[in-house]
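Could you slot chain B onto chain A? The hints should help.
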Amino acid sequence: MSLHHNSNFQNETLRDFSREEERSILNKGFTSIRNEFPIQVFPIISGKTKKSSLVVPVFNPANTNEKIADIHYASVADAEEATKESLKFFETWKSTKPEIRIDFLKKAADILRSQKAELTALISLEVGKGVKDIDAEIAEAIDFCEFYAKEAENIFQPRKRDLLGEENVYTYIPRGVTLVVAPWNFPLAILCGMTVAPLVAGNPVIMKPAEQSSAIAFKLFNILIEAGIPSSALHFLPGKGEEIGAYLVKHPEIRTINFTGSRAVGLGMIREAASQDLKFVKKVVAEMGGKNAMIVDEDADLDEAVIASIQSAFGFQGQKCSALSRIILLESKYDTFKSRFIDALQSLKPGLPEDPSVKVGPVIDSESKTRLDSIASQFSSKIISKLKIEENQKYIGHFVEPIIFESEDPTSPLGQTEFFGPYVTLFKAKNFEDAIKIANNVDYALTGGIFSRNPKNIQYAKEKFEVGNLYINRGITGAVVDRQPFGGYKLSGVGAKAGGPDYLKQFLEPISITENTMRRGFIPET
Amino acid sequence: MKATEENEPKAVTSSLDLQERILEKGRELFRLSDSFEDGFFSTYRLFSKSLLFLENRPLLKLQAFRFADLFPSLSSLSSISRYIRIYFVETPTELPKWILLLLSIFLSNRLSSVVVALGAKFGIRLTAKFFILGRTYGSDRKKIIDRYKNGICSTIDILGEAVLSEKEAERYISEYLLLLEEVSKDKELSEIRNSQFPGEPTGNVSVKCSSLYSQLDPLAHESSVTHLMEKLRPILHSAVSKNIFINLDMEQYETKDIIMDTAFRIFSEPEFENYPHFGIVVQAYLKASQQDLQKVIEYSKKRKYPLTVRLVKGAYWEYEMTQSAQKGWEPPVFLRKSDTDKNYEECSVLLLKSYPHIRPAFGSHNIRSLSSAFVRAAEYSVPENFFEVQMLYGMGNSYKQAIRSLGISVREYSPIGEVIPGMAYLVRRLLENSTNEGFLKNINANSKDRERLLYLENTKQK
Numbered sequence: 001m002s003l004h005h006n007s008n009f010q011n012e013t014l015r016d017f018s019r020e021e022e023r024s025i026l027n028k029g030f031t032s033i034r035n036e037f038p039i040q041v042f043p044i045i046s047g048k049t050k051k052s053s054l055v056v057p058v059f060n061p062a063n064t065n066e067k068i069a070d071i072h073y074a075s076v077a078d079a080e081e082a083t084k085e086s087l088k089f090f091e092t093w094k095s096t097k098p099e100i101r102i103d104f105l106k107k108a109a110d111i112l113r114s115q116k117a118e119l120t121a122l123i124s125l126e127v128g129k130g131v132k133d134i135d136a137e138i139a140e141a142i143d144f145c146e147f148y149a150k151e152a153e154n155i156f157q158p159r160k161r162d163l164l165g166e167e168n169v170y171t172y173i174p175r176g177v178t179l180v181v182a183p184w185n186f187p188l189a190i191l192c193g194m195t196v197a198p199l200v201a202g203n204p205v206i207m208k209p210a211e212q213s214s215a216i217a218f219k220l221f222n223i224l225i226e227a228g229i230p231s232s233a234l235h236f237l238p239g240k241g242e243e244i245g246a247y248l249v250k251h252p253e254i255r256t257i258n259f260t261g262s263r264a265v266g267l268g269m270i271r272e273a274a275s276q277d278l279k280f281v282k283k284v285v286a287e288m289g290g291k292n293a294m295i296v297d298e299d300a301d302l303d304e305a306v307i308a309s310i311q312s313a314f315g316f317q318g319q320k321c322s323a324l325s326r327i328i329l330l331e332s333k334y335d336t337f338k339s340r341f342i343d344a345l346q347s348l349k350p351g352l353p354e355d356p357s358v359k360v361g362p363v364i365d366s367e368s369k370t371r372l373d374s375i376a377s378q379f380s381s382k383i384i385s386k387l388k389i390e391e392n393q394k395y396i397g398h399f400v401e402p403i404i405f406e407s408e409d410p411t412s413p414l415g416q417t418e419f420f421g422p423y424v425t426l427f428k429a430k431n432f433e434d435a436i437k438i439a440n441n442v443d444y445a446l447t448g449g450i451f452s453r454n455p456k457n458i459q460y461a462k463e464k465f466e467v468g469n470l471y472i473n474r475g476i477t478g479a480v481v482d483r484q485p486f487g488g489y490k491l492s493g494v495g496a497k498a499g500g501p502d503y504l505k506q507f508l509e510p511i512s513i514t515e516n517t518m519r520r521g522f523i524p525e526t
Numbered sequence: 001m002k003a004t005e006e007n008e009p010k011a012v013t014s015s016l017d018l019q020e021r022i023l024e025k026g027r028e029l030f031r032l033s034d035s036f037e038d039g040f041f042s043t044y045r046l047f048s049k050s051l052l053f054l055e056n057r058p059l060l061k062l063q064a065f066r067f068a069d070l071f072p073s074l075s076s077l078s079s080i081s082r083y084i085r086i087y088f089v090e091t092p093t094e095l096p097k098w099i100l101l102l103l104s105i106f107l108s109n110r111l112s113s114v115v116v117a118l119g120a121k122f123g124i125r126l127t128a129k130f131f132i133l134g135r136t137y138g139s140d141r142k143k144i145i146d147r148y149k150n151g152i153c154s155t156i157d158i159l160g161e162a163v164l165s166e167k168e169a170e171r172y173i174s175e176y177l178l179l180l181e182e183v184s185k186d187k188e189l190s191e192i193r194n195s196q197f198p199g200e201p202t203g204n205v206s207v208k209c210s211s212l213y214s215q216l217d218p219l220a221h222e223s224s225v226t227h228l229m230e231k232l233r234p235i236l237h238s239a240v241s242k243n244i245f246i247n248l249d250m251e252q253y254e255t256k257d258i259i260m261d262t263a264f265r266i267f268s269e270p271e272f273e274n275y276p277h278f279g280i281v282v283q284a285y286l287k288a289s290q291q292d293l294q295k296v297i298e299y300s301k302k303r304k305y306p307l308t309v310r311l312v313k314g315a316y317w318e319y320e321m322t323q324s325a326q327k328g329w330e331p332p333v334f335l336r337k338s339d340t341d342k343n344y345e346e347c348s349v350l351l352l353k354s355y356p357h358i359r360p361a362f363g364s365h366n367i368r369s370l371s372s373a374f375v376r377a378a379e380y381s382v383p384e385n386f387f388e389v390q391m392l393y394g395m396g397n398s399y400k401q402a403i404r405s406l407g408i409s410v411r412e413y414s415p416i417g418e419v420i421p422g423m424a425y426l427v428r429r430l431l432e433n434s435t436n437e438g439f440l441k442n443i444n445a446n447s448k449d450r451e452r453l454l455y456l457e458n459t460k461q462k
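Chain order of the listed sequences is A and B.
Numbered per the UniProt record's numbering, the first sequence finishes at 526, counting up by one with no gaps.
Numbered per the UniProt record's numbering, the second sequence finishes at 462, counting up by one with no gaps.
Okay, chain B solo, but in the shape it has when bound:
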């Protein structure tokens, strides 16, 4: 790699200066988000406040998440109320005494216990609906279109159970193909898109590779890559013919290299080598992320059109920690959240430096991380329409509007799927994210705490 190929910063700035500008950008984002807070998305605010009830109630939080994880396998109202008793009445939590008392009274009689069960069912479905767009694209496309009307694009992901067999994998492949079909045929979507987002492809879909092939196995690297390419080919073929963006998602550390190799190889096939709408993910919580990012950058430089890299922190932290502990390995992830945050910023810089060879998509709800990316983008003269921000559907809506108002595109990661099986997946995410001290605090923090959130741990002033 020659130095001249790199995107140079336009002016040499001292690091203090940089920090100051990141802080200023963060404050601006918070200010802007406040102005959007009570409009369009106020129900979410209410919901996030109610989630805050679980803060500082660790036992209750644990039981609540466990219950939501269990919920999809409860088949009757009576089993729901039975488990509410086991999980919340018979297991000690920080529930206030009066709630406990009420709960026991209600659960003691058959009729009123049904009421409790129905309430829980309603509550959980409601929660799921905050995070899951809907059952299928066809049934819930209105929501996506509404989002587009409000200036927010989507990348659609199909949720579901783990894929244990090739039969199940086939079902997911046909779901992806159907989704591509439905998206491409949506006239209303294409009208809005054409008027509001002229450069945008027909649609944007995130593909979970583990749902396409049930036998992914790091030991069988070669055959995993070959099979995955076979499974992906019809999906990519369809996407190319319909001008739809395809992003390959990342999951566990152990499949990372399989997915990266698959991407490199399949994107280079003659049918796909000149297609502009492909993306992959880099997880900044991985110690190997910068090294991997370099590989992606080198690869992308050879392409006619740049790859998009969604830079995320990663959602499997606890999983990776337990896996590595059980196998006696060094954890592949940073142990401290602040190291991940710092690495995220370093990866952001790598991405921006590679302009115009990579299209960065900053996937984060952390205002500090995003501010840092924005400030650095300006420093490296990366135009605002060249990169974007990605956030999860249902989270941080006022931030999305704030970022939009800066002229930066925002894309939502929008899961579709059955609410009930999808719920299990969602809880895993919530469980993983609940230790990521970030988002809930971020959104509900008062202005003093917010200021604190804008510092990286190691840049914090005394």
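One chain only, chain A, in its complex shape:
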């Protein structure tokens, strides 16, 4: 059997928490990171720490009494300076040997590996994610470094097609200054992948982290600098998206925008980039939302389907772009699935995510909570189960009640709008084809899954299900770098899949060079 594998890339191992030693290291991580609170996060441009007139505190979303960090917001002037500095350094960074840039990534992976416990604690406390999700996220960040390093090794080997008297080389040059605008929901992994890919390709990067997760972003920035990335190649600009983000998107010296976030913002960037009258085409790589579906066939193994649906819908409170928000069931399975699914939801424990027995944590902030609560009351008649959360808990943190809705109408907002929270709706389908039709009838094409033991239906789904990542007989979240390159199409995004073979090339321009080497009938020996 030949397994096709063009690199010797190996995914980072997850931690085995059944080992007591692993659990105790983790606990120490929480203690040690708390000693650093509140973390002071500053804008850093070419290694220089910037003063700020606006300092915004960040609190633990599960316990708003706990202050995590003070974020010193960057100004428009800082953004301008970062762009100038980036531009100044571009030629140097571009001509730095790829091997050197590659080594920085490998070093960064090592440092990340050595700080797993503290990083886990910080992610848990700043964004309210559960430990196992965080473990997968840190592994993903490490994988991005290692994978893009390996990919760069391949890409920067010039492709030669020489003939007698003619040399042909196909090679890549970096595009130019890259703006990275990252989300808070994978505060380490997504930001890391989005940053190291353009960097290793030879582009200076301006990091604009999400307001809600700037402390983790700051840790990552420092790790990258510690790994050897020149401070003139990487600048850190925490701040308001509407202000510095918008300014930089419009900036004529930004060549590439690497964005992950909401559909509205992403499409806005694409419009903005297209409307600018520049001497180049500004490229926007955008990873946006999803309204992801799971189809449960009449022959599905419900033990597996229910548990996978619980994890996919409610893991990290549904705040993943890959999260499950529609479950489309064949009629014969509907009632049994529904009652087991409801009971399974009711068995989850809400609370502080740092408590390892907790399965339901807070949502990111009060804005998100208000928005989700209003959706819940708008569709209150469709609610078939919700997990009760104690009033005092809601008072201490941004907790919303995870909800299962039921709807007959897949075209209603319950079937169409991305909620980005722990809400999932059950729909009925007449047959498998109908289920696929319902699943496809949304603006998005990100993740999707089926539970079926019918080889014909599995084949049908492989051909017809409009998603970037299709999962069969398993949960629909938790993509792994290289094994499951992640990303969608339709209004879910534009650009290559993260952790996949095309990703790096987005930050490069391919160049073909042909040289006629014959002079007056004389061909130099090669």
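A couple of the hints might just be wrong.
Said to hold, decoys possible - Derived lysine-lysine pairs resembling DSS-like cross-links, with alpha carbons at most 30 Å apart: (1) A:LYS428 - B:LYS208; (2) B:LYS97 - B:LYS208; (3) A:LYS462 - B:LYS61; (4) A:LYS430 - B:LYS121.
FYI, nobody ran anything at the bench for these hints, they're computed from the structure.
Chain B only, in chain A's frame:
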């Protein structure tokens, strides 16, 4: 641990000698089992022969197991026949052409396809009945009593679907409590027991911990142990009041430490510390098994009455392999079957050495493994009534009789539960065991092959 505390072998024997005696014991067991073969359990023989049809037909075997796994979710006869077509006609297998032809003809018409579906349904229910004792203790206690009459004790296990919620867990807890109630009230059982098995407790129940608590999680070790203890307490309380043996079963590697810690803690509670009828399981396919066994032995030494340890090889091998591959871990299990077999024997010795602090229960259908345990028991002077053999209900019946005739107790692991949901569980077992080249070959092997089966790979002579 002081050396003097250990159970010393009565005579120093060379290892060649030992191997010879194990071989001899194995031959004896095979001979004895042949003499029981055609009596009491002949239908099983027929069934195992028919299972052999799947040997050397890997595609067919795969489809057959997949079909049986799927079967519980097929709700109508028409869906059964539809899936027979998809699984066996439209998917290539090694089915002989004439069977395929017949099958297609039958499936082509509505009426005859119903016949095929009914046949399949009947066949699968029949298969399930070979391995699953019955629906409930109350409905099928006759079978258990028959087994007792034939000299074979039971440990009863409740089968079912995975427990996904606390509501489902509550249902299992009440099923366990009901089972304890029913067993303790069974007069007929107690009469036979008193006459034939004087030392035996009122009943014997194997508890699957994952069915008592839906949120078992190795990351949340402490809270998992605490919750599991809470769930177990009423069950143990009831068992103690009724003098019923409780064994805590083992499942996946990741919950092993939770179950072990739970056992250690709850068995030490004042109500339970002096109860003689508790047991746990050690899985010899785990690399950590000897280390764990040492812990169990040390723990048991502190008890007034010894714990029983059911030594098995383990039934989740493929699951553990895929889990560890996906997470990038070293597999927790031995990669080669022969290493597991060897480790099983080493664990057996550890158990026997600890006499009288642990009561060994050798759970295996492998004659070599059992012979080795018997020979070593004699070597360490462990009396035959101090240890026992455990085998699955429905498997290896002639061996059970053979072992009985040596004066060693045999206990059957007897699952009860609904046939249909239980079927899914059973298929998982069959799937797991089908790669364990062992049992089917063992029982159906001719005498020459049997001799070969009696060697551990690394003791095989050239």
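Open item on the list: Need the status of pair A:LYS462, B:LYS61: alpha-carbon distance at most 30 Å?
Closed with: 26 Å, holds
Open item on the list: Holds or violated: A:LYS428 and B:LYS208, Cα atoms, limit 30 Å.
Closed with: Since the Cα atoms of A:LYS428 and B:LYS208 sit roughly 35 Å apart, the hinted pair is violated (cutoff 30 Å).
Task: Restraint status (C-alpha distance of B:LYS97 to B:LYS208 at most 30 Å) - done: 44 Å, violated
Open item on the list: Run the distance test for A:LYS430 versus B:LYS121: straight-line Cα separation, threshold 30 Å.
Closed with: Holds. A:LYS430 to B:LYS121 sits at ~26 Å (cutoff 30 Å).
The structure shown violates the earlier hints numbered 1 and 2.
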